[in-house]
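S.K.: Sequence:
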Amino acid sequence: MTDTADGAGPHGDPGAAAGAAGRGIRVLVADDHTVMRAGVVALLAPEPGVEIVGEAANGAEAVAAVRALAPDVALLDLRMPVMDGVSATERIVASGASTRVLILTTYDTDAEIERAVEAGAVGYLLKDTSREQLVAAIASAARGETVLAPKVAERLVARMRRPAPVALTGRELEVLTAVADGLSNAEIGRRLVIGEATVKTHLLRVFAKLDVSDRTHAVVVALDRGLLVRPDR
Numbered sequence: 322m323t324d325t326a327d328g329a330g331p332h333g334d335p336g337a338a339a340g341a342a343g344r345g346i347r348v349l350v351a352d353d354h355t356v357m358r359a360g361v362v363a364l365l366a367p368e369p370g371v372e373i374v375g376e377a378a379n380g381a382e383a384v385a386a387v388r389a390l391a392p393d394v395a396l397l398d399l400r401m402p403v404m405d406g407v408s409a410t411e412r413i414v415a416s417g418a419s420t421r422v423l424i425l426t427t428y429d430t431d432a433e434i435e436r437a438v439e440a441g442a443v444g445y446l447l448k449d450t451s452r453e454q455l456v457a458a459i460a461s462a463a464r465g466e467t468v469l470a471p472k473v474a475e476r477l478v479a480r481m482r483r484p485a486p487v488a489l490t491g492r493e494l495e496v497l498t499a500v501a502d503g504l505s506n507a508e509i510g511r512r513l514v515i516g517e518a519t520v521k522t523h524l525l526r527v528f529a530k531l532d533v534s535d536r537t538h539a540v541v542v543a544l545d546r547g548l549l550v551r552p553d554r
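For the sequence shown, our numbering begins at 322 and goes up steadily by one.
Each hint should be verified, as a subset may be incorrect.
[Stated by the list, open to error] If you anchor each label on the Cβ, the simulated ranges turn out as follows: (1) Lys521 / Pro471: 46 to 54 Å; (2) Glu495 / Ser416: 45 to 53 Å; (3) Asp545 / Ala359: 47 to 55 Å; (4) Thr522 / Thr427: 32 to 40 Å; (5) Pro367 / Glu435: 32 to 40 Å; (6) Asp431 / Ala488: 18 to 26 Å; (7) Ser416 / Asp532: 44 to 52 Å.
It should be emphasised that the hints constitute simulated quantities derived from the structure, not laboratory data.
For every residue, glycine included, the Cβ atom is placed at its ideal position computed from N, Cα and C.
Could you build the full structure based on these sequences and the hints that come with them?
M.R.: Written out as structure tokens, the structure reads:
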């Protein structure tokens, strides 16, 4: 870990601190790839509104640097040795530090994004971000604002628009499977050893969960969503 500051002083609100005495936003850069880390530092160093106060080669070093230097923003890679970016984010947030964590990575999968956001990161950027976008994101992060790369935002919006997963009980699946087999309510009752009225109750619940009004549509929707296995022909 290489520190470029003399030491850490009192640290208040990042947004306010960044503007105090006209100094730049204090930034820690953590990335296990030396060339990449040096590139990010070289990219940000000339910016008058940014002050690079430290570097770290892994998540554990990043956590220690945040404790020692109290940067306004910690710019963390996602996958690092010793401790990854998500774990480091969790440690930083749990410590009560006012440092805002901004993830800078090449990974844009739903799982990675969710883990970082749930850990407490205020932003998620990809490494193809331009210098102007990165500087603007750092400023936003220092104010506590959420910052997402356009591709990441698109993925999250698309995910939100997907139908919520439907959970059918084991018995509801058995009834619906019997419906798909072409059985009547009476025949389903005999197969499952339950009353015909109980079969109807299960079907009504299935209809409500799948937002359908008839047996055929229920089977079609269940097959489409992978709730039922399409029989081999």
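S.K.: Decide, hint by hint, whether the structure agrees.
M.R.: The hints, checked one at a time:
1. Lys521 / Pro471: 46 to 54 Å: 50 Å, holds
2. Glu495 / Ser416: 45 to 53 Å: 50 Å, holds
3. Asp545 / Ala359: 47 to 55 Å: With Cβ atoms ~50 Å apart, the hint holds.
4. Thr522 / Thr427: 32 to 40 Å: 51 Å, violated
5. Pro367 / Glu435: 32 to 40 Å: 34 Å, holds
6. Asp431 / Ala488: 18 to 26 Å: 19 Å, holds
7. Ser416 / Asp532: 44 to 52 Å: Taking Cβ atoms as reference, Ser416 and Asp532 lie about 45 Å apart, which means the hint holds.
Of the numbered hints given earlier, the model fails hint 4 alone.
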